[in-house]
Amino acid sequence: MTERLSDEMLMEQLVRGDKRAAGVLYDRYYKQVYGYFVRMTNDSEISRDLTQNVFLKILKYSHSWKDDKVFAYWLFRIARNILIDHYNESRKFFTVEEEQEIAVKDQAESVRDADMKESFGFLMEAMSQLPPEYRELIELNRFQGFSYREIAQTVLSTENAVKVKTFRAIQKLKEIYTKIMIE
Amino acid sequence: MKKCDEIRIELPEYIDGVLDEKTSAWVSEHLETCDSCKKLHSEMSSFLKFTGSFPSVEPPVGMKEEFMELAGLNEKNTAKKVWFPAWLKIAASVLIIAGTFITGYFSGSKNNEITGMQAELTTMKQEVLLAGLSEYSGPQKIQAVYNIKTSGQASETLVDALVNTMNSDKNVNVRLAAINALSEMMDKNQKIKTELIKSLSVQENPLLQISLIQVLTESGVKEAKDEIESISNNENTNEQVKEYAKNMVKTII
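Residue numbers (my numbering), protein chains in the order written: chain Y, 62 to 244; chain D, 3 to 255.
Just chain Y, with the same shape it has in the complex (with noise of 0.2 Å):
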């Protein structure tokens, strides 16, 4: 029956006590947040951590959820919070890690070609060398799925800063993309 509501009547029901609430909302948004912070980090360990960080943080801050929210701009709000206050912490501002092995789904597997998987590994070499804005730009947007409107209340700015920061991102992710190639 829970399965069944939406992220925000999910959210009322943590607020109410109910703890469930908290595993649902985990099943639903952990690939995603977990992608989120492979992607921006390039670090399949300090993903996983940060990404129990966010839904503990979910726990915790349960009681400041306003009903007119929506659950999955708060979610992104929160993780790139942690995402931020990692790189605080470990003053590392999005060098370029060591490269890691990073698992990612069968249809990658099943995907023969190897030249293919690749052109992803030089995709997620060309967003490591991206500036951190354009970086979180083509995440939320590429990969995420947000609309320029949902990426401004996320980070809070303009819905036209975003379409112009998001186009100069794009390009800059090609050009990274394009020279990687090359070389």
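If you are wondering where the hints come from, they were derived from the structure by calculation, not from laboratory data.
Below, a list of computed lysine-lysine pairs in the DSSO-like style, where the Cα atoms sit at most 30 Å apart:
id, chain 1, residue 1, chain 2, residue 2
1, D, Lys-41, Y, Lys-233
2, Y, Lys-233, D, Lys-51
3, D, Lys-66, Y, Lys-127
4, D, Lys-24, D, Lys-5
5, D, Lys-5, Y, Lys-235
6, Y, Lys-121, D, Lys-66
7, Y, Lys-233, D, Lys-24
8, D, Lys-66, Y, Lys-118
9, D, Lys-224, D, Lys-193
10, Y, Lys-226, D, Lys-5
11, Y, Lys-233, D, Lys-40
Start from chain Y and add chain D according to the hints.
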């Protein structure tokens, strides 16, 4: 050119097919007549199609169970378990996560009376934990150190107990937890900084050495510079630790 700029900014949404009808028609019309925008549209379209086919990243197995344990939501398992992530991160990340949750859990209320009772409870809990620290087994002891850390106080007794744990506990993970608990309290008691630096010459385990170097350099403790340099110059030091010390000492300004 101004029009081209305006059109180009709309291209991602045009490609995604989410533009309103009017704007979409305006872009289409322009693309019919402008070769450079048409070229850009074609390139961007292929690139976005490629990024859109990026497979989702698969999280490690067991994350849900781990979260349920951490959040205390696991109904099936009543026995308390301690979460052990990757080697060096045991102390660093779990402390933060467990600390955040437990602190949050106990500090959620605005009611002063409850807050007062909680403070008293925390003190009592701390005393019990300190008294029992030497009798706990490894995982229990780590849990105890977490709980001490979340108390938010840094009395002499507490610091001494943690320093003793950091320097003499048989279990490496417990020592790691103590190092991180102390590093979290560094600004609350001057003695901690000195003890962490002193511990650099006590620890022989590479993981503990790395952990100490990490907390000291990341907190910018200038006084640790000589000791870290001496580790990196010591021929008996593990090669990875040497390398790490050498790199991290540069971050102390």
